[in-house]
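Number of protein chains: 2
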Amino acid sequence: MASASHAPTPLLKDELDIVIPTIRNLDFLEMWRPFFQPYHLIIVQDGDPSKIIRVPEGFDYELYNRNDINRMLGPKASCISFKDSACRCFGYMVSKKKYIYTIDDDCFVAKDPLGKDINALEQHIKNLLSPSTPFFFNTLYDPYRVGADFVRGYPFSLREGVPTAVSHGLWLNIPDYDAPTQLVKPLERNTRYVDAILTIPKGTLFPMCGMNLAFDRELIGPAMYFGLMGDGQPIGRYDDMWAGWCTKVITDHLGLGVKTGLPYIWHSKASNPFVNLKKEYNGIFWQEELIPFFQSVSLPKEATTVQKCYLELAKQVRAKLGKVDGYFNKLADSMVTWIEAWDELNPPKGGVPTANGPPKK
Amino acid sequence: MASASHAPTPLLKDELDIVIPTIRNLDFLEMWRPFFQPYHLIIVQDGDPSKIIRVPEGFDYELYNRNDINRMLGPKASCISFKDSACRCFGYMVSKKKYIYTIDDDCFVAKDPLGKDINALEQHIKNLLSPSTPFFFNTLYDPYRVGADFVRGYPFSLREGVPTAVSHGLWLNIPDYDAPTQLVKPLERNTRYVDAILTIPKGTLFPMCGMNLAFDRELIGPAMYFGLMGDGQPIGRYDDMWAGWCTKVITDHLGLGVKTGLPYIWHSKASNPFVNLKKEYNGIFWQEELIPFFQSVSLPKEATTVQKCYLELAKQVRAKLGKVDGYFNKLADSMVTWIEAWDELNPPKGGVPTANGPPKK
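Read top to bottom, the protein sequences are chains S and Z.
Heads up: the first sequence begins at 1 in the UniProt record's numbering, then just goes up one per residue.
Heads up: the second sequence begins at 1 in the UniProt record's numbering, then just goes up one per residue.
Take these hints with a grain of salt, some might be off.
Said to hold, decoys possible - Using 25 Å as the maximum straight-line C-alpha spacing, the simulated DMTMM-like pairs for lysine to aspartate or glutamate come out as follows:
1. Z:Lys-279 / S:Glu-302
2. S:Lys-279 / Z:Asp-149
3. Z:Lys-116 / S:Glu-302
4. S:Lys-13 / S:Glu-122
5. S:Lys-278 / S:Glu-312
6. Z:Lys-111 / S:Asp-149
7. Z:Lys-185 / S:Glu-160
8. Z:Lys-116 / S:Asp-195
9. S:Lys-320 / S:Glu-302
10. S:Lys-111 / Z:Asp-195
11. S:Lys-278 / Z:Asp-149
12. Z:Lys-185 / S:Asp-195
13. S:Lys-269 / Z:Asp-149
14. S:Lys-185 / Z:Glu-288
15. S:Lys-116 / Z:Asp-112
Just so you know, these hints were derived from the structure itself, not from any lab.
The model shown is predicted, which means the values in this text are computed figures rather than measured ones.
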């Protein structure tokens, strides 16, 4: 079991923010109280800013609605999606912490096979604080877990691993299916608890879901842009996918790791597949071009920071995906705006000017 | 659970041979009787050929000792290792079946978390008969299992998958560690039952263990050469690793899949770490060169069969690893001999002459 670690897991309570996008009262936090209460929450309110979002007592939080985003970013606010959970990435930008955990408000505490409540956040922290092994596959999965190790034939020179940038958690109950699969299998539930964490190998893309996700903001934050989705855009439900593909290409380039597997959360309710189909339609079509694009992206040696990688990626998106649909030119613009806004809110330490000029704040 | 499939799993009893290398009486088969008795066994007796190996009653088997190998292969017998379980690959060569399952004689029936005996062979057959997904990672693991599917963001064009060539099973109890890890962690036992099967992504190498392994002989058989190990050789315990690296490079080139995960067997006893260290010493050292070599191998377009791929690989082994140690020139020679012997015992269907000339038998 994941909890068998001998050393107590650092809480990182002053180094981690929990980012929650929402349009409703956050009653779901009651269930998470034992695990989340020590942490600071960043709530990104989507939709009507005049609506009051109730947060259960005792939580330490800051809340941003659309008016706040517009006020803080000015014209650059255009890069933050509206009426789509992609707006959550605004929370990543305003955080000042090293780590981010983001969770959807329809995700509850799951139980492990012994019936014990799973502290998802604690497992994410363990994942982020132990290295990743992207260069060679270990058949006993995460070699750093208690009771596991590198197996025979694993090169010794690779056993130190690399820093972990992303921890991608999974979901029991409602699986994260696309609309066509939801329509075909409306009753399918994920009941299989797979007691594993593994590194996604270098060069391999994966579908990153934003429902239950943690990352090291210092290592990879600026790549965690959830794109332009929702209101006024021809696509939805590809926000986390977009972020995942960009992130994976950049972590591969920078020699960082991405883990997937534990922890599970309990995903309580399926979204409407008919609504989803409308949001996904273009994405399902476009992703057939996006995957080959991301599989063949090559970043130059000079791209030594996440920002530089991301701006280079934006350039390639415009050059190669602009012809798929004009939307990708808009998206490429937004990717640049996102980095400008990120650098504005997160001036480089020591005040060193960035490629985009000195911090303007 | 793996057994939840709705369709009965085909037994393939006339299409699969079980290959067992051994130096002792095969009492371990008693435990496997309910699962193995319908199948034909190919026993490869290692060591002293005058020793009598007892096989429990009721099993259908053929047994080959060193004298048989020498008689059948003549001078080409030099490619089959002696005093090393690498000799098992002779069994792959003499089989006439489509599928091979190979297991070590210190591997017993494991139990699933509900306490039920695991029919390892049945799970391997399921793995081999369902496709693999090497081009994109599915976060819910094998999408073809009951209760699972492709998740949101998985390109639809990739959902058919590719034929599965290899099913790599795991081990409860004694993990497959190298000598240094055995020495450092003598008491470590693998108690974690991970209820997953997954495809090793394209471009990723893995440590393939021969203890509990199944493959499609028609798709990949000639790549399953376990190398030159043991008696008279400067290396042991890298037989299955060598086969795994060659196989992975070739399946990647040919668009075939390799799965790992379920089923588990119960590995009953750890081999002597001091003896193992002596066998492994060179391998531990050499593998630091071997992995970059295999990671950078590129096979030409014209290599459209496993044999052609393998001969090309032999050429590259000689060219690039010969300078690491003279052993690799010998190994490259043996790789060629292995293919010649394979083609001799397995003349192409329809009697079409091979690249090595017409079948000589």
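CA of Lys-111 (chain Z) to CA of Asp-149 (chain S), is that 25 Å or under? holds (22 Å)
Restraint check for Lys-185 (chain Z) with Glu-160 (chain S), where alpha carbons must lie at most 25 Å apart: holds (17 Å)
Can you confirm whether the C-alpha distance between Lys-279 (chain S) and Asp-149 (chain Z) stays at or below 25 Å? Distance ~21 Å between Lys-279 (chain S) and Asp-149 (chain Z) Cα, so the pair holds.
Restraint status (C-alpha distance of Lys-116 (chain Z) to Asp-195 (chain S) at most 25 Å): holds (19 Å)
Holds or violated: Lys-185 (chain Z) with Asp-195 (chain S), Cα cutoff 25 Å? holds (22 Å)
Is it true that the CA of Lys-185 (chain S) sits at most 25 Å from the CA of Glu-288 (chain Z)? violated (47 Å)
Verify the proposed pairing of Lys-269 (chain S) with Asp-149 (chain Z), using a straight-line Cα cut of 25 Å. Distance of about 18 Å is within 25 Å: holds.
Check the hint pairing Lys-278 (chain S) with Asp-149 (chain Z) against an upper bound of 25 Å on the C-alpha distance. Roughly 21 Å separates the two Cα atoms, so the pair holds.
Between the alpha carbons of Lys-278 (chain S) and Glu-312 (chain S), is the straight-line distance 25 Å or under? With a Cα-Cα distance of about 31 Å, the restraint between Lys-278 (chain S) and Glu-312 (chain S) is violated, given a limit of 25 Å.
Given the hint that Lys-13 (chain S) pairs with Glu-122 (chain S), test it: the Cα-Cα distance must not exceed 25 Å. Holds: Lys-13 (chain S) and Glu-122 (chain S) sit about 11 Å apart, inside 25 Å.
Hint consistency between Lys-111 (chain S) and Asp-195 (chain Z) [alpha-carbon to alpha-carbon, up to 25 Å]: holds (16 Å)
Pairwise hint evaluation, Glu-302 (chain S) against Lys-320 (chain S), where the allowed Cα distance is 25 Å at most: holds (21 Å)
Consistency with the previously given hints fails for numbers 1, 3, 5, 14, ordered from lowest to highest.
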